[in-house]
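Undergrad: Could you build the full structure based on these sequences and the hints that come with them?
Chains as they are written, first to last, in this note's numbering: chain H, 559 to 1136; chain V, 3 to 370.
All the pointers check out, no bait thrown in.
Here are some, though not all, of the chain H residues that point toward chain V, as calculated from beta-carbon distances under 8 angstroms:
id, residue
1, R570
2, R618
3, I619
4, G621
5, T624
6, L754
7, K758
8, F767
9, P772
10, N791
11, A792
12, S920
13, K922
14, T1019
PhoX-like mimics (lysine-lysine), calculated; alpha carbons at most 20 angstroms apart, straight line:
id, chain 1, residue 1, chain 2, residue 2
15, H, K645, H, K797
16, H, K715, V, K13
17, V, K138, H, K919
18, H, K922, V, K138
19, H, K645, H, K1024
20, V, K185, V, K149
21, V, K149, V, K113
22, V, K219, V, K185
23, V, K13, V, K23
Just so you know, the hints here were simulated from the structure itself, not pulled from any lab data. These numbers come from a predicted model, not from an experiment. Beta carbons are placed, not taken as given, at the ideal position from N, Cα and C, and that holds for glycine.
One-letter residues, chain by chain:
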Amino acid sequence: MSQRVVIDPITRIEGHLRVEIDVNENNVIGDALSSGTMIRGLEQILVGRDPRDAWAYVQRICGVCTTVHALASLRAVEDALDIRIPKNASLIRDIMNLTQYVHDHVVHFYHLHALDWVDVVSALSADPNETSQIAQSISSWPNSSPGYFRDVQNRLKSFVESGQLGIFSNAYWGHPAYKLPSAVNLLAVTHYLEALEWQKDIVKIHTIFGGKNPHPHYVVGGVASAIDINSDNAINTEKLNQVERLINKAIQVVEQMYIPDLMAIASFYKDWTYGKGIGNYMTFGDFAAPGKDIRDTDSYLFPSGVILNGDLSTVHEVSLTDPEHIQEFVDFTWLKYSDDKPGVGKHPWAGETTFDYTGPKSYKELDMTRPYTWNKAPRWKGHAVEVGPLARILVGYAKGVKEVKEVTDWAAGTLDVPLTALMSTLGRTAARGLETKLLVNRLKDTFNALVANIKAGDTVTFDKTKFDPSTWHRAGKTLQGVGWTEAPRGGLAHYIVIEDQKIKNYQAVVPSTWNASPRDLNGARGAYEAALIGTPMADPHQPLEVIRTIHSFDPCLACAVHLVDKEKREITQVNVIR
Amino acid sequence: MKETFYEYVQKRGISRKDFLKFCTAITAMMGLDASLTPKVVEALETKERIPVIYKHFQECTGCSESFIRTAHPVVADLILDMISLDYHDTLMAAAGHQAREAAHMTKEKYKGGYILACEGSIPLADGGIHSMVDGKTQLELFREYEKDCMAIIAYGSCAAFGNVQAAHPNPTQATPIYKLTNKPVINVPGCPPIAEVMAGVITHILTFGIPELDIRKRPKVFYRHRIHDNCQRRPFFDAGMFVESFDDEGAKLGWCLYKMGCKGPVTYNSCANMKWNEGTCWPVESGNPCLGCSEDNFWDFGPMFTTLAQVPGTNIIYNPDKVGAAVVGAAAAGVAVHAAATVVVEKMKKDKDTTTSVADQQNKGVSK
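TA: Below is the structure:
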């Protein structure tokens, strides 16, 4: 006799996600459903607009990974128009993307994921001396005196005693799945607060080049910030110094705070081996050598590829343009295709998305045998795959990328676990930290390359030759392009079709669409669903184990469900209620 | 239960001196004259922490991300101490029914006394099925919480005006908050709004009550000026010196971005004076034209990188479209002199502006 448990909303994510699980009599998860419950329709809103503006619209797919959709969009438009951006522009865009990664992963670890492993209430009873000893034994991070931890603890105590617990109210404190000693809990909560302060600093790199954060600005053909080290109105020495300071601080935060905390916490949870999921991993690849074009795929730090069934001995090739490789299915979604044949997938350039809501108007639970989400089901050659940090680390490892191998072997060795142990909830969280370690150093290298290039006399940041739409093509000719990146949450690809200087079709296949995918007609589940099955629960009504695994993917649901109705073109009259 | 903010910070061991320093800082942040600091002190000494229920509707979480970037007050102070953030999808520890219960408890306990902060618009098409939580439509959930709140803050252009999902053809019939309620609504537009503006509005409610609003329900203190009017590139607009390409000589020297599609002349926001991320920079300073992101319906203004048809409220004696390329070469030599002169003019103008706005502020009073 199994029972259904519903978690809605899943909090500490981007967007609106509902998870339902069936738990058997032994409190083990037998089946799972993930449903994206919000849709906005951005792709259709793009139809008929100027392709040079697309980045701004699609950037609003997500305010957490604010920069990655803009980047994929620019690359798609530049692919369609065959624009090669200047070296400085490539370097600055990479600096912004790397900044995004480092910020996003640190914030995910401390603010969106840590509380699944860290018991805030337990921190109240910690001995600050012990916390201080632990902190000093694992890291040279400066804020580590007993007095410092005592101050934080007192602050927490007065907060708890106020009776208004705010964001910490009504959580799973005291749940038996929490395993950290109280001293480590205090350490983690302290760094939760420190990371909260720091995260507002690193984004200033976006502000310097893109004017603001969240949602920095971009431009097709390069970047809009002009470089002139002698001008007070351009990227000058002072601004470059500021960027360098922020990067150095980020390296310190990652190496002295994030990584030591990650390893310390992981060492207490090594026996939490659940959450492997599908075992198929896919990357599109990104981070060409500093200054190289995105098209220089051979120089990627994170190469593209697919691993099936956890077999690291073979890496399959991925083609974003081959219509047989990537297809999206809608059989279990509230969308339909015009030909309306079951089990038919479409490649994004021919992509089609029409609302077809067949769910109930209000519900207690969803029916797993019928459509149950706004999320499409993308497949690679028919396989459900997982994307994200773990996929990047595994594909990079399997392809023998030196830096990836080194950091992965170091982590497995330090934790004393085999490489295969990484294929789990914990491994997914660890992989995110490991790639941050690599990328924060790549951030510094990319910055150094920018400075060297400017020193060599190159101040070009923008190629205007194809900025004017009249230069693109003769009327009536169709252009198409694809832009990709490895976003923090996984492989991201934007597809654009341009006709008569306007957008004819726009489709974004985003990381969370792969991971939050519903099942397909073959019964293959998406990564969230597959990863939940088989997990034992201490108390199904306090589903801490479920949110641990779901959070390990860093869900971004507004990304996953941005699609829309093609027929509905009239301006809808807004009804004023009341 | 009636613990004031000051009693609370006292318990935390904050000294009187630090408390006063903090009050001075937030007074400045709210755009108020320093002489009003004692009023802020008095308010914080006598008022209790306000519970805030922060709901996410059709949004991208960018506003929440901006919210946690506030530097004044320090973000941890804001979230942990100044307010009681009892429900916030992106930050709260609890999930599922435990999360919903947390919001419910606040609603019951503080009837008429909590702030409802909204991020995102509410879809009305097809009965609202395009955004649901816990099997209910967002409109139903909004109704549950708006009834008993003290005031609603509509954070960001989605909640305030509908924003990107409400752009043509608005497939889900995305609707801004103020059209759905009779409660007082404070619109804080921007995609997203500046962090300090978001915190400033909360601080204002905490200290003085609801700020004075303009006709579009925006707090006047942050939205009374056009970007164009406080823009550091404004003297170049007036002098007819325009950037023609993003990395040309004019771009390097900080000339006006009007011809690159800047919407500063029709956009009301504080970007030019408050700047972004602790005053680090802002779009126009970085070389990027203003997109007009705090204006209603700005996504449908037309292509972003094309020049505005006209600049309202400006008396210039030339046609910007006819001044340009030729000037770039000829003017290059004279630019240094000219730039220096206009900086002085700008500074004089700024000084004058500051005086006016403070006087203005005092004349009008701060709030009811």
